[in-house]
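*Asks:* Below are the chains, spelled out letter by letter.
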Amino acid sequence: MSGLLRRVGGALPALAIVLALIGAWELYAAGGAVDSLLLPAPHEIAEALWRDRALLWDNFLVTAGEVLLGIVVAAVAGLGCAVAIHLSPTLRRAVYPLLVASQTVPIPIFASLLVVWLGFGLAPKLVVIALIAFFPIAVTTLDALAGVDAEQRRLMRTLDASRLRTFRFVEAPAALPGLFSGAKIAVAVAVIGAVFAEQSGSDKGLGHLVQQAVPQLLTARAYAAVLILSAFAIALFGLLSLAERLALPWAFEETRGGRSR
Amino acid sequence: MPEVTEAPVEEPRPVSAHVGVRVENVSRSFGGRRGAVQALRGMSLRAAPGEVVAVVGASGCGKSTLLELICGLQEPDGGVVEADPAVLMPQRDLLLPWATALDNAALALRARGVGREEARAAARPWFARFGLAGFERSRPAQLSGGMRQRVAFVRTLLAGKPVLALDEPFAALDALTRQEVQAWLAQALREAPRTVVLVTHDVEEAVLLADRVVVMSPRPGRAVAELEVALPQPRRRTDPAVVALREAALRALGAGS
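Protein chains in written order, with our numbering: chain A, 1015 to 1275; chain B, 67 to 323.
For the record, the hints were derived by calculation from the structure and aren't laboratory data.
Among the hints, a few may not be true.
[Claimed, not checked] Computed beta-carbon distance windows for the label pairs:
| no. | chain 1 | residue 1 | chain 2 | residue 2 | range |
| --- | --- | --- | --- | --- | --- |
| 1 | A | 1177 | B | 144 | 40 to 50 Å |
| 2 | A | 1065 | B | 204 | 32 to 42 Å |
| 3 | A | 1240 | B | 181 | 46 to 56 Å |
| 4 | B | 204 | A | 1120 | 45 to 55 Å |
| 5 | B | 238 | A | 1199 | 50 to 60 Å |
| 6 | B | 114 | A | 1161 | 35 to 45 Å |
| 7 | B | 204 | A | 1240 | 46 to 56 Å |
| 8 | A | 1199 | B | 114 | 55 to 65 Å |
| 9 | A | 1068 | B | 204 | 49 to 59 Å |
[Claimed, not checked] So, partial list: chain A residues that the calculated Cβ filter (under 7 Å) puts toward chain B:
| no. | residue |
| --- | --- |
| 10 | 1064 |
| 11 | 1068 |
| 12 | 1165 |
| 13 | 1170 |
| 14 | 1172 |
| 15 | 1173 |
| 16 | 1174 |
| 17 | 1226 |
| 18 | 1260 |
Only a predicted model underlies this, so the values are computations on that prediction, with no experimental measurement involved.
The C-beta atom is built at its ideal place from N, Cα and C for all residues, glycine as well.
So here's chain A without its partners, still in its complex pose (with noise of 0.2 Å):
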């Protein structure tokens, strides 16, 4: 229990700083040193997210749907080239341009293409979300298989293992913290994904509403999506954290050599 509470306590300075700067806007804003409608104050956000609610909320869903499947898929790609990448020297030598090959596209233009091609349903945007949140997943994990002492696997042979053994009991579990590491980095990506997907075509979705909205001048509105956006990808990489406290009890023990992360 004082574990968690010295955790919160920790929390305490950048909330203050987070309270600070909206203090800080509030006062910017209200002062009326900007029109209402350019930059909206965060009690005028407030006010939109109360008064929106459901339209808000209504086109999370769709948005935090198409993050989640992306993620999915993405997190099944990644993992997957860098299982296979790892075990094949062949592979490495075929596939690894290309997966760097792949980062190079210019996701705005290629998201709208994409859109010609498949439509305005959910398929584009899960392109998208997958292209740009394979990539850490991939790359992370690959390098923490690779990271492997080799010594422990020249162990694995002598004591008889077969290459899957040495892959299931040490390479594996060495490459999770790995793993975890670039699922962080793909959940924020995935966020900023979506959005660069719906806004290159798209009926509904959070980022279909940023791009309507602001038209209109319902600039407030806007902004709340975008808060209920960091939100979501808050909420992602703290539970990505939290799964990770889980599955690597290990790596957060007190050791004799005090923790590793």
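Got chain A sorted already, so can you dock chain B onto it with the hints?
*Replies:* Only chain B this time, still in chain A's reference frame:
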């Protein structure tokens, strides 16, 4: 990026029921960055089944290569290596940090496909015998160096091979712990005799534990002297016979370089 190693193919070794270890006139080189490094040249070694042979030599004289050859992890460039199935206990304990001590020891069985509960049941009695009772569920980071080496030794034993190749198993321990663990190893081998090839840079340790001590020259390594240690166990460092043998081995070590 490191190359992925393949699992060893089960090749038929020229093994009769008990050959112990026979290394005859073996040479082994590696291509280093500045040209070939010859680790061993003309190295010979015999260990009868159940015998404990200690190999002493300066760092870099090829001792680890010798053990890997005995375990079948490498093939010699020249000469013959014939040995019963051997398991290597490497210099670092190489315990998996995420697994409990018991699961680490049981790894030797799980590597061969034994189920988890069965492997744990097989490992458990050894923990009591080696003074590790109560630490089955601890993780390696919570154990002392000496305890970790003991867990690694249980793992080595559980591999169930007749030959143990121990690579400086106590080098990383402080003097006091080392004495304890040496005494404990001597005891363990009395209870469960195996053919042991023990590599160490500590001449005294060699004399305390082995039936025979082989002295290696610096690289390229070969045997320059062999000393019989026909003393009863338990031996003490202060025994005059032990001291005399230690001095003889040190002289041979110095003479060979």
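*Asks:* For every hint, state whether the structure bears it out.
*Replies:* Status of each hint after checking the structure:
Separated by about 30 Å at the C-beta atoms, residue 1177 of chain A and residue 144 of chain B break the suggested range of 40 to 50 Å. A C-beta distance of roughly 57 Å is found between residue 1065 of chain A and residue 204 of chain B, which places it outside the suggested range of 32 to 42 Å. Distance hint check: the CB atoms of residue 1240 of chain A and residue 181 of chain B are about 53 Å apart, consistent with the given range 46 to 56 Å. A hinted range of 45 to 55 Å holds for the C-beta pair residue 204 of chain B and residue 1120 of chain A, which are about 52 Å apart.
About 37 Å separates the C-beta atoms of residue 238 of chain B and residue 1199 of chain A, a value inconsistent with the hinted range of 50 to 60 Å. At about 42 Å, the beta-carbon gap between residue 114 of chain B and residue 1161 of chain A stays in the expected band of 35 to 45 Å. Roughly 48 Å separates the CB atoms of residue 204 of chain B and residue 1240 of chain A, a value that falls within the hinted 46 to 56 Å. Separation of residue 1199 of chain A from residue 114 of chain B is about 59 Å and conforms to the stated range, judged on CB atoms against 55 to 65 Å.
Take residue 1068 of chain A and residue 204 of chain B: their Cβ atoms lie about 54 Å apart, and the range 49 to 59 Å holds. With its C-beta approaching chain B no nearer than about 47 Å, residue 1064 of chain A sits outside the 7 Å limit, and its interface hint is violated. For residue 1068 of chain A, the interface hint is violated, since its Cβ never comes within 7 Å of a Cβ in chain B; the closest pair sits about 47 Å apart. Checking residue 1165 of chain A against chain B by beta carbon gives a least distance of about 6 Å; that is within 7 Å, so the hint holds.
Restraint check, residue 1170 of chain A versus chain B: the minimum CB separation of about 6 Å is within 7 Å; hint holds. Hint on residue 1172 of chain A holds. Least Cβ distance to chain B is approximately 4 Å, under the 7 Å limit. A distance limit of 7 Å between C-beta atoms decides the matter here; for residue 1173 of chain A the minimum to chain B is near 4 Å, and the interface restraint holds. Interface restraint check for residue 1174 of chain A: the shortest CB-CB distance to chain B comes to about 6 Å, inside 7 Å, so the restraint holds.
Interface restraint check for residue 1226 of chain A: the shortest CB-CB distance to chain B comes to about 48 Å, outside 7 Å, so the restraint is violated. The beta carbon of residue 1260 of chain A is not positioned within 7 Å of any beta carbon in chain B (closest approach about 13 Å), and the interface hint is therefore violated.
The structure fails hints 1, 2, 5, 10, 11, 17 and 18 (numbered hints given earlier, in ascending order).
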